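**Q** When you get a sec, could you build the whole thing from the sequences and use the hints?
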Amino acid sequence: MNQVPECIICQDIYYTPVTLHCGHTFCKECAIQSLLIKPLCPMCRTPTIGNPQNLRPNTTLMNTNDEIFQDIFEDGFEFSVCEGVEQHVAIIIL
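Numbering follows the UniProt record's numbering, with no gaps: position 31 of the sequence shown is 31.
Simulated from the structure, these hints should not be mistaken for lab results. Keep in mind it's a predicted model, so treat the numbers as computed, not measured. Glycine included, each C-beta is placed from N, C-alpha and C at the ideal position. Just so you know, not all the hints are guaranteed correct.
[To be verified] Label-pair distances were calculated between CB atoms; the ranges are:
# : residue 1 : residue 2 : range
1 : Asn63     : Lys38     : 25 to 33 Å
2 : Gln33     : Pro5      : 26 to 34 Å
3 : Asn63     : Ile37     : 29 to 37 Å
**A** See the structure below:
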């Protein structure tokens, strides 16, 4: 089974991944909440540019996650991704 990439902030599977100008990727809501508190990348502390609401989506990672979820589904596993703003949860039911 493939390794599922995780957000370093919430430590769950990326939900709507976005990439900051420095190149680090986080869940969109995790990044927004972090940048509203302090406008620095949570990993490298590089100052961010612009409005946190206008972060660039990481379509490559979104496509990768879609492929991984498809593999999990084809292998007979069920999965669910909760879409909460306060907390992101990904559940793979064995």
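**Q** Which numbered hints are broken by the structure, listed smallest first?
**A** Checked against the structure, the only hint that fails is number 2, while the rest are satisfied.
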